[in-house]
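Participant: Sequence lines, in order, name chains X and D.
Its first residue numbered 581, the first sequence is counted upward by one per residue in this note's numbering.
Its first residue numbered 14, the second sequence is counted upward by one per residue in this note's numbering.
By construction, these hints were calculated from the structure, which means they are not laboratory data.
Hints may contain errors.
Just some of the chain D residues that point at chain X, by a computed CB distance under 10 Å [as the list claims (entries may be wrong)]: (1) Ser-136; (2) Thr-148; (3) Ala-168; (4) Phe-172; (5) Gly-233; (6) Pro-235; (7) Ile-371; (8) Tyr-417; (9) Phe-420; (10) Gln-428; (11) Lys-429; (12) Pro-430; (13) Glu-433.
For lysine-lysine, the following DSS-like pairs were computed, each having C-alpha atoms within a straight-line distance of at most 30 Å [what the hints assert, rightly or not]: (14) Lys-685(X) x Lys-149(D); (15) Lys-15(D) x Lys-37(D); (16) Lys-147(D) x Lys-37(D); (17) Lys-429(D) x Lys-443(D); (18) Lys-674(X) x Lys-147(D); (19) Lys-195(D) x Lys-69(D); (20) Lys-443(D) x Lys-361(D); (21) Lys-151(D) x Lys-685(X); (22) Lys-149(D) x Lys-421(D); (23) Lys-443(D) x Lys-421(D); (24) Lys-195(D) x Lys-149(D); (25) Lys-344(D) x Lys-685(X); (26) Lys-685(X) x Lys-147(D); (27) Lys-674(X) x Lys-344(D); (28) Lys-674(X) x Lys-149(D); (29) Lys-685(X) x Lys-421(D); (30) Lys-443(D) x Lys-149(D); (31) Lys-344(D) x Lys-151(D); (32) Lys-151(D) x Lys-674(X); (33) Lys-344(D) x Lys-37(D); (34) Lys-344(D) x Lys-195(D); (35) Lys-37(D) x Lys-443(D); (36) Lys-443(D) x Lys-147(D); (37) Lys-344(D) x Lys-361(D); (38) Lys-15(D) x Lys-149(D); (39) Lys-361(D) x Lys-429(D); (40) Lys-37(D) x Lys-149(D).
Think of the CB as a built atom: it goes at the ideal place given N, C-alpha and C, for glycine as much as any other residue.
Chain residues, written in single-letter form:
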Amino acid sequence: MEASINGVSLNYYIILSTVLFCIGVLGVMIRRNAIIMFMCIELMLNAVNLLMVAFSRYFGDTNGQVFVVFIMAVAAAEVAVGLAILMMIYRNAKTSDTEVLNQLKG
Amino acid sequence: MKELILIAGLGVLALLAGLINGRKFFMPIVLIGLSTNIGFSLADWGSNEMVYGMLKLDNFALAFNIVFSAIAFLWFISAYEYFTDDNNFSDHFALVLFTLTGAFLLVSFTNMITLFLGIEILSIPLFVLVGSNKTKLKSNEAAFKYFLLGSFASAFLLFGMALIYGSTGSFDLAIISGTIAKSTSIPPMYFAGMLLMLMSIAFKVSAAPFHFWAPDAYEGAPTNITAYMATVVKTVAFAAFFRLFYSAFGSVHSEYALVLSIMCAITLIVANITAAVQANVKRMMAYSSISHAGFMLIAIFTLNAANLLLYYTLVYSISSIIVFTVIKIVKAYNSGNDSINAFKGLLKQNPILAGCLIVALLSMAGIPPLAGFMAKYFMFTTLVSNGYLWLVVIAILTSLVGVYYYFKVIIAVFQKPETENDITLSFAHKFILIICALALLVISIVPDMILGVL
Chain X
581 MEASINGVSL NYYIILSTVL FCIGVLGVMI RRNAIIMFMC IELMLNAVNL LMVAFSRYFG
641 DTNGQVFVVF IMAVAAAEVA VGLAILMMIY RNAKTSDTEV LNQLKG
Chain D
14 MKELILIAGL GVLALLAGLI NGRKFFMPIV LIGLSTNIGF SLADWGSNEM VYGMLKLDNF
74 ALAFNIVFSA IAFLWFISAY EYFTDDNNFS DHFALVLFTL TGAFLLVSFT NMITLFLGIE
134 ILSIPLFVLV GSNKTKLKSN EAAFKYFLLG SFASAFLLFG MALIYGSTGS FDLAIISGTI
194 AKSTSIPPMY FAGMLLMLMS IAFKVSAAPF HFWAPDAYEG APTNITAYMA TVVKTVAFAA
254 FFRLFYSAFG SVHSEYALVL SIMCAITLIV ANITAAVQAN VKRMMAYSSI SHAGFMLIAI
314 FTLNAANLLL YYTLVYSISS IIVFTVIKIV KAYNSGNDSI NAFKGLLKQN PILAGCLIVA
374 LLSMAGIPPL AGFMAKYFMF TTLVSNGYLW LVVIAILTSL VGVYYYFKVI IAVFQKPETE
434 NDITLSFAHK FILIICALAL LVISIVPDMI LGVL
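Same shape as in the complex, but just chain X:
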């Protein structure tokens, strides 16, 4: 019998979160606006959360769900630091465009 959660095959969960994760990866690589890049990283993390919860439900093991709570907390801390760094750049460069960040090369 195929692995499933409440009648929905586990493979669909894996495919959905892989697709979401890939959208996030592409977003970080293609977009040049810092805020959108942060959002894409959040999307990647949430794809992981979805996958962890799906596996956790499938195995009947709560560890996966505990991990998701940790990921959420860490993601919030990360975004707080990221936005603070962006503020700092804005104060010095008067823009939030990442194109100004080209002083370090070589």
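We have chain X; now place chain D onto it with these hints.
Facilitator: Quick look at chain D alone, frame taken from chain X:
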């Protein structure tokens, strides 16, 4: 457990010290705290204490805890002006101590959850520290790049963890390893997860082809923080790398050894060749740091090399503390100029500074009687005994390129100075430079003392 409470408690205390303006007395408290931490680790030696099934204080964890605490101790003294010069001393203390809390988790984890938390507790304060030169756009840029790529890599790490959880049903390293060793067919999801985790951790230790953030972050960060990243953070990241691959993926060693040996070769070649064309010394040292990461990678994919990793990280960290302290002093003296020309005539300007720099650079280049030579030699012997002759050839050739760019700085030190003024050293800097240079000589004479502990 008491080590963790001690370091985290010190971090909280640092925040409180900001309220009562404890600028003068907090440094000694931190140094005493770190020494106590080393003492606790020595007292716990051999106890194999388990902390709620999440951390295990085995000898590997304690040895690396001692090493990174000792390096942090030296670093705190060498970077004392970072904590006294401006108004944010309590923030700087607290952030550095929080990274050390993460470092402790990273050397002792037995579970993916503590690995992830350790990496994040280490990285998030570090993003802030890299950008702590708030008014300089370069520092902002370094922090931004480090932050963006760091959280990008963390997401890959998490996806890898989720896939491994899916294929084994557990986050515990021992159970993961046991399940895979027993199973007849290993699911492809497991290898995908391992590869994603490998990529992410290679990013954290700045191994090629995931090294591109390191030169920017190293160059833009305040030099004290660059020194911290090259010493404590690198040591701990490699300890975590080793611990993860040894205890969770040990049963598929032959699968990842090939990937890692190729990664090691690429790292050595790319880092050394790029370093040779750099004019900025800080950036050159960043590439040099990547090339040393290549050497440390050898300990990950060869067998029974934990003690070599311990020795190599210790030697590399001590010489890095010297080099970055000298760069910081020379840069301040030459009003922010850190090109190789700024080092011209250092021998005339201050013989102690020049002497210690030469010892450290010769050690990094791997010139015989110094500790760096011993460290590289042990790595070569373990490569030969594991049958990686092709990699030994690459490592030796790239080391020769390394000798070239380290000597560019050493030659500049011997040239005629552009200005005749002497550089005066503060007592703390003089003390730390001489102690580190002596330590490099001592541990090259008695390597067995360190190799024997693991």
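Participant: None of the hints should be skipped; say for each whether it holds.
Facilitator: Verification of the hints:
| no. | hint | verdict |
| --- | --- | --- |
| 1 | Ser-136 | 8 Å, holds |
| 2 | Thr-148 | 7 Å, holds |
| 3 | Ala-168 | 4 Å, holds |
| 4 | Phe-172 | 5 Å, holds |
| 5 | Gly-233 | 5 Å, holds |
| 6 | Pro-235 | 14 Å, violated |
| 7 | Ile-371 | 25 Å, violated |
| 8 | Tyr-417 | 17 Å, violated |
| 9 | Phe-420 | 20 Å, violated |
| 10 | Gln-428 | 23 Å, violated |
| 11 | Lys-429 | 27 Å, violated |
| 12 | Pro-430 | 26 Å, violated |
| 13 | Glu-433 | 31 Å, violated |
| 14 | Lys-685(X) x Lys-149(D) | 16 Å, holds |
| 15 | Lys-15(D) x Lys-37(D) | 27 Å, holds |
| 16 | Lys-147(D) x Lys-37(D) | 23 Å, holds |
| 17 | Lys-429(D) x Lys-443(D) | 23 Å, holds |
| 18 | Lys-674(X) x Lys-147(D) | 14 Å, holds |
| 19 | Lys-195(D) x Lys-69(D) | 24 Å, holds |
| 20 | Lys-443(D) x Lys-361(D) | 16 Å, holds |
| 21 | Lys-151(D) x Lys-685(X) | 11 Å, holds |
| 22 | Lys-149(D) x Lys-421(D) | 29 Å, holds |
| 23 | Lys-443(D) x Lys-421(D) | 24 Å, holds |
| 24 | Lys-195(D) x Lys-149(D) | 55 Å, violated |
| 25 | Lys-344(D) x Lys-685(X) | 19 Å, holds |
| 26 | Lys-685(X) x Lys-147(D) | 20 Å, holds |
| 27 | Lys-674(X) x Lys-344(D) | 28 Å, holds |
| 28 | Lys-674(X) x Lys-149(D) | 13 Å, holds |
| 29 | Lys-685(X) x Lys-421(D) | 21 Å, holds |
| 30 | Lys-443(D) x Lys-149(D) | 28 Å, holds |
| 31 | Lys-344(D) x Lys-151(D) | 15 Å, holds |
| 32 | Lys-151(D) x Lys-674(X) | 14 Å, holds |
| 33 | Lys-344(D) x Lys-37(D) | 26 Å, holds |
| 34 | Lys-344(D) x Lys-195(D) | 57 Å, violated |
| 35 | Lys-37(D) x Lys-443(D) | 20 Å, holds |
| 36 | Lys-443(D) x Lys-147(D) | 29 Å, holds |
| 37 | Lys-344(D) x Lys-361(D) | 16 Å, holds |
| 38 | Lys-15(D) x Lys-149(D) | 39 Å, violated |
| 39 | Lys-361(D) x Lys-429(D) | 8 Å, holds |
| 40 | Lys-37(D) x Lys-149(D) | 27 Å, holds |
The structure is inconsistent with the numbered hints 6, 7, 8, 9, 10, 11, 12, 13, 24, 34, 38, although it conforms to all the rest.
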